[in-house]
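Q: Here the protein sequences come in this chain order: P and U. Under the working numbering, the residue at position 45 of the first sequence is numbered 45, and the numbers go up by one with no gaps. Under the working numbering, the residue at position 113 of the second sequence is numbered 113, and the numbers go up by one with no gaps.
The hints are simulated quantities; they were obtained by calculation from the structure and are not laboratory data.
Which chain U residues face chain P? A few, computed with CB under 10 Å, are given here:
1. D29
2. F67
3. E68
4. D95
5. A96
6. D100
7. A109
8. W112
9. F132
10. H163
11. L175
All values derive from a computational prediction rather than experimental measurement. Where is the CB? At the ideal position from N, CA and C, for every residue including glycine.
Number of protein chains: 2
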Amino acid sequence: MTAGSDRATFGKRLQDATVAHGPVCVGLDPHTPLLEAWGMGLEEFAATFVDAFAGRVSIVKPQVAFFEAHGARGYVLLEWVISALRESGTLVLADAKRGDIGSTMAAYAQAWLGDGSSLQSDAVTVSPYLGFGSLEPALARGPEHGVFVLASTSNPEGPQIQHATDPNGRRLSQLIVDECAAVNAGADGLGSVGIVLGATVAEAPDLSQLKGPILMPGVGAQGAGPDEVRKLAGGLPGVLPAVSRDILKAGPDIARLRAAAEKFNEDFAFLN
Amino acid sequence: MTAGSDRATFGKRLQDATVAHGPVCVGLDPHTPLLEAWGMGLEEFAATFVDAFAGRVSIVKPQVAFFEAHGARGYVLLEWVISALRESGTLVLADAKRGDIGSTMAAYAQAWLGDGSSLQSDAVTVSPYLGFGSLEPALARGPEHGVFVLASTSNPEGPQIQHATDPNGRRLSQLIVDECAAVNAGADGLGSVGIVLGATVAEAPDLSQLKGPILMPGVGAQGAGPDEVRKLAGGLPGVLPAVSRDILKAGPDIARLRAAAEKFNEDFAFLN
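Excised from the complex, chain P in its bound form (with noise of 0.2 Å):
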């Protein structure tokens, strides 16, 4: 990655990398029933994905919790991980699903999005259940950095919290989507504050005026494919399909995970 697409707002970088390579986010999920099928452990793993997909996707997702349930093992790893493929020119989404106040939401941020920190990613997933405010620390990185707000998701429990709603018979989900929105309105392009919002959800949010990326999980594997995908999103830009298992499926082979990312990529090429 050079110095002048680092100062590139993270929206921007998100646009020029699915314009080159395809909409997909590819999930980087080692967990343990799939280092079995690889026939591998967890540093293996790892350094196979890299193989396949560094430099050859727009943005891949490791989930941090597979990592974290091998302690520091798994964050020396994951260190390398996120370092290899923002070398290669790959952005990275940390799903991390933080959420803090102050001082403590601050060094989330400075963890996830800090210059120099060991495990800096391009973007990270939040969670807001102390008040969109109280992300404001991560936010005020600038929009050089990518914030992915849990909104809507397709879990069944879902519902119970975000479907919630404010003193306005607003829910939650789409409260969420509107701080989004105000915080990228100004921007020239897409904004750098996303959504995360599940690609089989019943009911979505309006998300007409968010003008910042939506990362989808639930394709695949777990039930959403193009159609429903554009019913929920078609039109709107920065929409990150997120695939995991049903790409990670085709492995280890190399050549064979990276055909898997580019028939999703060609699947969702309408979107781009």
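With chain P's structure known, arrange chain U on it following the hints.
A: For chain U alone, kept in the frame of chain P given last:
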């Protein structure tokens, strides 16, 4: 820690600990201004904290973000801190505020509560934006493990989310308390599913049915004293005033650190 005490429920171990050492949960927050005030690096700061409090207070709360900000190096140190404190018999509550779904949430539960995990703690804080049910992989670890769910926080941005209402007009802060109460209902004595409740919240949920621990940040420098804690939760079991900077500012002198924690335990002795 003996094998016997490991098999007791977290609620029972917590009650025994607070009878022996008082109710105060000492926060381990190695943020930069404190490191500067103590004139120490991260490692020496953490070692001094362990020297001061291991075996001398009931429970400590490492703030994971301040370790994560140092990447893998921070996690190496956090593993040591957790293990040293637990070996001394002091309970460790990892303040991680993790939250995800399915196998990803299960990986976080493995990281912080799993037998054999290098980060295994006695309890962990979790965030419920993905629905209370999404936390099941942590709760399913059983009552030998403590889980503290964010309910209502003192930061001004919190009510935007936490006071949103479900279809019955119930606030999310109350909904979370009710969900925790349902899990604790069958417990013999204090349950193991707690909440996080800011000590300076203006409008607290009804806690009368919770039967679980109540972690109360916001005591000391941030504003609440014994009167505020008594008003919110007086007479309830398992109330843990969380104090960090008002104790840590007494450091790095070990005798002064211990005296500061003892003073807070005396001020809150009415909780036992």
